[in-house]
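Q: One letter stands for each residue in the lines below.
Number of protein chains: 2
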Amino acid sequence: MGEFELIRHYFAAAACARAGGDVVLGIGDDCALLAVPAGEQLVISTDTLVAGVHFPDPCDPCLLGQRALAVSTSDLAAMGATPIGFTLALSLPLAEPGWLEAFARGLDIMAAACDMRLIGGDTTRGPLSMTLTVFGRVPAGQALLRSGARVGDLLCVGGTVGDAAGALPLVLGEREGASAEASALLDRYWSPQPQLALGQALRGKATAALDISDGLLADCGHIAAASSVRLAIEQARVPLSDALVRWAGRERALQCGLAGGDDYVLAFALPREELPGLLADGWPIRVIGRIEAGEGVRLLDADGKDVPIDRQGYNHFNA
Amino acid sequence: MGEFELIRHYFAAAACARAGGDVVLGIGDDCALLAVPAGEQLVISTDTLVAGVHFPDPCDPCLLGQRALAVSTSDLAAMGATPIGFTLALSLPLAEPGWLEAFARGLDIMAAACDMRLIGGDTTRGPLSMTLTVFGRVPAGQALLRSGARVGDLLCVGGTVGDAAGALPLVLGEREGASAEASALLDRYWSPQPQLALGQALRGKATAALDISDGLLADCGHIAAASSVRLAIEQARVPLSDALVRWAGRERALQCGLAGGDDYVLAFALPREELPGLLADGWPIRVIGRIEAGEGVRLLDADGKDVPIDRQGYNHFNA
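First to last, the sequence lines map onto chains A and B.
Sequential numbering from 1 applies to the first sequence in the UniProt record's numbering.
Sequential numbering from 1 applies to the second sequence in the UniProt record's numbering.
Because the hints were derived from the structure by calculation, they are not lab data.
Hints are not guaranteed to be accurate.
Stated by the list, open to error - DEER-style ranges, computed between Cβ atoms:
| # | chain 1 | residue 1 | chain 2 | residue 2 | range |
| --- | --- | --- | --- | --- | --- |
| 1 | A | Pro97 | B | Val287 | 40 to 46 Å |
| 2 | A | Glu176 | B | Pro169 | 35 to 41 Å |
| 3 | B | Arg286 | A | Asp115 | 44 to 50 Å |
| 4 | B | Asp60 | A | Ala140 | 40 to 46 Å |
| 5 | B | Pro37 | A | Pro239 | 40 to 46 Å |
| 6 | B | Leu172 | A | Gly204 | 52 to 58 Å |
| 7 | B | Asp60 | A | Ser183 | 48 to 54 Å |
| 8 | A | Pro239 | B | Leu172 | 53 to 59 Å |
| 9 | A | Ala140 | B | Ala12 | 24 to 30 Å |
| 10 | A | Gly204 | B | Ala12 | 30 to 36 Å |
| 11 | A | Pro97 | B | Ala38 | 27 to 33 Å |
Said to hold, decoys possible - Looking from chain B toward chain A, a few residues come up when the C-beta cut is under 7 Å (computed):
| # | residue |
| --- | --- |
| 12 | Ala32 |
| 13 | Asp47 |
| 14 | Val53 |
| 15 | Met79 |
| 16 | Thr82 |
| 17 | Ser91 |
| 18 | Pro93 |
| 19 | Gly120 |
| 20 | Pro127 |
| 21 | Arg146 |
Cβ coordinates follow ideal geometry from the N, Cα and C atoms, glycine included.
Chain A extracted, bound-state conformation (with noise of 0.2 Å):
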């Protein structure tokens, strides 16, 4: 089966007409066509993926293609994009069946899951990576930025943080587990879910908002950096799931949340009279700390004394 045939035939359920009209014209040309509506601006994130370094190998490329497409949509979450499709770039170093069948089945999950559709991509024999470039669009001048988090404001998350690193240890092998912590953890590793709706419901509301993908401490600081305040993180509010602490111990749980990556969870400043609303709507939301004057991250004990942060976020080149 030739290159073009390949692509068509292992991910043609990912490539249906899944997204609505935005896709005027999907796989199989030069390029895609997108039309994006009047007054909303298209949203655009691209992110790689490299055996042995974003995940193991082998691992099971159902789940590999459940993450790699989560991983990426989550980057529309954080912007409070609505989704619109994706390409994928995909570096094999055979073409194996059994394996491509799998992954385009992964891919398809949660591409159904984030109403999203294939609109085009590469496939390529070297060392196996994939780099999925996501589409999505915003109402013009919605979007959540980084940036614009002000003193004052909450510092808030969409959920628990931690589980995807604590999950680590039995991803790598380095540790066995069948229980249903384990197995809890595992899911949040493999298959998180990108927070869209409550992206979206964010839209006018967060004055900054992103994904965790590098780990609290450090996203935080991307925050900060970006709308130049100082971003107070109190310790004993940081939100840790029953699985995580019951796997982990509660200090080994509270290191995942702080300084694990892989949660892509939504990390969001938010002015405080906009928290009641979105809480009775049901959201979520969890308040970490606040803003303040200043720059960078701190963390504060339960009596609001500083503690010392000695652990960054994962950096691929500083590692």
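Based on the hints, put chain B in the right spot on chain A.
A: For chain B alone, kept in the frame of chain A given last:
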């Protein structure tokens, strides 16, 4: 230097505001934002280049930067699009400042030539490879597709073919040469010039178009399949550069022109009545055949007899 500073530092030139008002938000947030003018559609293409597969490793990183962007931008030319910008997902075994500086310089040279801007990216540790996703815009309904060729149309190309394939022995170090011919061929390989202006001039005129990346025969096969027609190529009219003929001899030059890829000139179907006007405007169009009823591609000798086709375009998983 961290991952974020790395991108910002070395790619600052390519990320500067060059493309005008379409880029609302560039590098530095979770996503980039594009405004697509009313009445226009967004055009998207993605391509991966892997070290050792699509280019030799080591190679000159400045030339590699030029080529990487040209290869992708050529797909925009094939759609008749006006370029806006691109994202770069770069995997590197290590962050070597000299390499990055030169690669970024090459990228910027081509970005300036194509009036494009780097709008986002991802840098990861991994085997050397890069995925570029390029964005352009085209008036709604005017994109040049592969699927509209009609029986009776002329088959045309936008310039000479085969130079890049002729350069391959030089690129791979299998042959040495410092002649003017060798230098001209190497230049075609490393720094192809996307035919953006020609593509835009063909809007509303050409009935089908693509850029020659897999080789003339293979790519004409793509038009034939998408348009449900047959493409007849007159062998004697396939334009070959003097440099290629002098370097490789006429027979090998013709092989390169028919089966070699990487030329990135446009091939298109054109109604006869459109030709005089385009030639009068000075476009470097060469008629090489015609569109017939049927399927596939045929090659004709000087007597109009069929020449057996035994060479296929390069196919990554069939090669």
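Q: Could you work out which earlier hints the structure fails to respect and list their numbers in ascending sequence?
A: 2, 11, 16, 18
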